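All chains, please: the whole structure from these sequences, using the hints.
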Amino acid sequence: MNGFFRTVATTAIAAAALIGATTAHAEGERYVLVSHAPDSDSWWNTIKNALALAGEQMDVEVEYRNPPTGDLADMARIIEQAAASGPHGIITTLADPNVLSGPIRAAVDSGIDVIIMNSGTPEAAREVGALMYVGQPEYDAGFAAGQRAADDGVQSFLCVNHYISSPSSSERCQGFADGLGVELGSQMIDSGQDPAEIQNRVMAYLNANPGTDAVLTLGPTSADPTILALEQMGLAGDIYFGTFDLGGDIVQAIRDGIIQWGIDQQPFLQAYLPVVVMTNYHRYGVLPGNNINSGPGFVTADALDLVSELAGEYR
Amino acid sequence: MAETGQGAVAAPVKDERVKETSALRKALIRPELGAIVGTIAVFIFFILFAGDSGMFNAQGILNWSTVSAQFMIIAVGACMLMIAGEFDLSVGSMIGFAGMSIALIAVTLQWPVWIAILLTFALCVAIGALNGFIVVKTGLPSFIVTLAFLFILRGFTIFFPQLIERQTIIGGISDAAEGDWLAPMFGGKIAGPFFDWLASIGVIDVFERGTRAGQPIVDGIPMLIVWALVLVVVAHTILTRTQFGNWIFAAGGDAQAARYVGVPVNRVKILMFMFTAFCATVFATCQVIEFGSAGADRGLLKEFEAIIAVVIGGALLTGGYGSVVGAALGALIFGVVQQGLFFAGVESSLFRVFLGVILLFAVILNTYIRRIITGER
Amino acid sequence: MASFDHNPIVEMKGIEKHFGPIIALNGVSFDVRPGECHCLLGDNGAGKSTFIKTMSGVHKPTKGEILFEGRRMNFDSPRDAMEAGIATVYQDLAMIPLMSVTRNFWMGREPIKKIGPMKFMDFSTANAVTMEEMRKMGINLRSPDQAVGTLSGGERQTVAIARAVYFGAKVLILDEPTSALGVRQTANVLSTIDRVRKTGIGVVFITHNVRHALAVGDRFTVLNRGRTLGTAQRGQISPEELQDMMAGGQEMVELESSLGGTV
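Protein chains in written order, with this note's numbering: chain B, 1 to 315; chain S, 1 to 377; chain Z, 1 to 263.
Misleading hints may appear alongside valid ones.
[As the list claims (entries may be wrong)] Here are some, though not all, of the chain S residues that point toward chain B, as calculated from beta-carbon distances under 8 angstroms: (1) T66; (2) V67; (3) I204; (4) F207; (5) E208; (6) R212; (7) I217; (8) G292; (9) G299; (10) F342.
[Claimed, not checked] Computed footprint of chain Z on chain S, listed as stretches where at least three residues anywhere in the stretch have a Cβ under 8 angstroms from a Cβ of chain Z: (11) 243-255; (12) 258-266; (13) 314-323.
It is worth saying that the hints were derived from the structure and are not from the lab. Please read all numbers here as calculations on a predicted model, not as lab measurements. Backbone N, C-alpha and C fix where the C-beta goes; we use that ideal spot for every residue, glycine too.
Dropping the structure here:
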């Protein structure tokens, strides 16, 4: 019994030490960024880095929060909680307006400024009472990519959707199909999040549908295994390949000619600009008069050096 | 631990080698003791580290209470089932499935929301019964059977809305639920006037602007919390005060021994699977009515969160021992820690570290308690 | 002895039980009368478990008949047999260690107290009866909330026996109640058997220990290779003879001589 309590005491002290190490508060304005991404989504690392950089440069306190499993109902609770802690501003995504508009509106009504970033639309942001929207409208980005692919002669495609439960992911695929002028139908597959599974599903689909002209992936999570799948099947550089978002492997693949283009929504700006905008708004009362489109920008093999240098960190 | 000496004048037949049990030791063998101590410790901790961060203003309290109540609802079901000797890993998927079922019936089929809710309850409880039936009839571990249902239900939850609506989030339930008689039982709030009064005397803040300016920030107790408390009280009463409760303990403690004395073990287990499904559906209904939409990813990993709360609450994973009050406190600890770490300014990724530490403590304490009870070395 | 003044409560005549090609019981005749302790002796594999399960309603005999109080009985489940008054105390499945003595005692037959439309378990009655019944068996519980796990093996057997007696058993089948116990605890269980017998209950005491059987038995039946080899009265048979019959005679004699007669 003594041994047991000694264990308990030791662990409790260790835990308390851990807490003590992480509770340093900065002075001044405090902003909380709430994302919808599960822990496993590495793309959001850029957002975290940009947020930290903005906090450092503007000398404000910033925090990043997300629902560990990507459950949007949990995200709603996090927004409520962020509001209860009384920050100066909340930066959040609007992945599902049904779920999130209530908590966001409550935060706005209790006097907290909100900027919508990443998922959402300018209209939806205005409806919930946010200051502005910073991001890339998903359907429009998909549509623009579809038109570009159509110009390059693509008629059929495979959309590798690794986050099928998020409507904005499906909108990208839908926009691409509409841009091409074809029916989406079964060309979108639910790939799951596991790299090996994604790779095998892409291979299975392409084996079953050898006439597929193009592959569209929705981010590094699906793009990286898809690159491997294409290399293994000998289709790398042969099949038309476009992707949303950037990452280390994607940049290399663009350089190697495996990927034709990456749609860069420039997540850096989505986290960085809201902090800058809000800080200046709170300090000097100045606010840009419009929404900010952080993307879409198409990244191709030209002008790739800076992108590759910072890929996964700030790009 | 006082030892009774040889000469002690005590009960006539007394084995001198059996130590007299001290009050402390006796208190320790209550299954919920660990959870009570844990709850107090957690609150002291957060009052010290996050006392002035908004965690204990009206809005903050509502926030962690709501999160804890969510955990409680599924933990109560998981607790009863675990005491009856089984697991249900399909709870999380059931939450997603139930929410989607309500959304599809109410929004796509345009049926009244109360019918959608009642049909969904019937459907989900039937699936719970099927779970239980398969476990009981095949003798397979419930771990495997419900793992299968974890995938089956999640698959349907993604498949049907995509097939019918071509999307994975179905909204518009709020509009459909307008004027419905049953929906407020899950998504409504009670004690509104009391909170208006609290706001009028300045105890809680009011909205500064917008359409709700002047109204209190916290305008009532969500039905979610009411459901959690009702489920805890009812389940605790059934478990500790009724014949059926004794059968639940017996079914989990030793199913064969229970069968020998005529306890209908199979019926008890199937009913507990149904109750777990019922709790998951309550969770889902509250969520869907409150947020107005159902998503295919709702409830992910909730089965483990429920089991963790139950284990923190002192139940044994092997069944036959546990407490609903303990599980409820486990859920409270879980909710308060999860939300509180944010208020305390801790990096959110460390939440899992704390969760792991707490879980480890709980399991060690449980093992210790079981040793006292069974006298094993 | 009182046991011969009565007709048997349970009488088994020429019972056979086949499991597919395996013949587990091949002609068993056995009876038990009120107030007697009838010992059934047999080595491992002799068919004792099958015998118990047949008598307590788990198995239906392939051949032969079982009479209960003179009537042919046809139990569909152990529950039926139990309702009729045949209680079985299994060696290791008697008690649930994590549950309190009271909860174990009343398991399956909990007393009900109605408060309005609600039915609750009547714990005050249950606790009082449990304490009293255990006291009658010579065990003073610290508290009725005490978990069975804290009791010794002998005490657990006693709780199970007390339970059967309290719920009106006419026949009590004890499956090797002493096999895992020490000397002192064995003595306690044997004296409990004696106490039960004196209340007029017929006890079927299954064991492979000749000395334990002789200590309390009124009659002795030996089961060997699925058959009963006849029944002896107390005083008509020596321990050595019983031992020989259990082992099947010849090889035991050889073994015994090589071991110097200590088995």
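The hint names G292 (chain S) as touching chain B; please verify it with the least Cβ-Cβ distance against 8 angstroms. The hint holds - G292 (chain S) has a Cβ within 8 angstroms of chain B, the shortest such distance being about 5 angstroms.
Closer than 8 angstroms between Cβ atoms is the bar; does G299 (chain S) clear it against chain B? Give me holds or violated. holds (7 angstroms)
Can the segment 243-255 of chain S be counted as covered by chain Z under the rule of three residues or more with Cβ-Cβ separation shorter than 8 angstroms? With 8 residues in contact (Cβ-Cβ under 8 angstroms with chain Z), the coverage given for the segment 243-255 of chain S holds.
8 angstroms C-beta criterion, at least three residues: is the segment 314-323 of chain S covered by chain Z: holds (count 3)
Mind taking a look at whether chain Z covers the segment 258-266 of chain S? Criterion is 3 or more residues with CB to CB distance under 8 angstroms. It holds, with 6 qualifying residues against the three required.
Is the interface hint satisfied for R212 (chain S)? The criterion is a beta-carbon contact with chain B at less than 8 angstroms. This hint holds: R212 (chain S) lies near chain B, its Cβ roughly 5 angstroms from the closest one there, short of 8 angstroms.
Was the hint right that E208 (chain S) lines chain B, CB cutoff 8 angstroms? It holds, given that the least Cβ distance between E208 (chain S) and chain B is near 4 angstroms, below 8 angstroms.
With chain B as the partner, please determine if I204 (chain S) meets the hint condition of a C-beta pair closer than 8 angstroms. violated (11 angstroms)
At a threshold of 8 angstroms, is the proposed contact between V67 (chain S) and chain B supported by beta-carbon distances? holds (5 angstroms)
Is the interface hint satisfied for T66 (chain S)? The criterion is a beta-carbon contact with chain B at less than 8 angstroms. holds (7 angstroms)
Using the nearest Cβ pair, does F207 (chain S) come within less than 8 angstroms of chain B? Since chain B brings a Cβ to about 4 angstroms from F207 (chain S), closer than 8 angstroms, the hint holds.
Minimum Cβ distance from F342 (chain S) to chain B below 8 angstroms? holds (6 angstroms)
Checked against the numbered hints given earlier, the structure breaks only hint 3 and satisfies all the rest.
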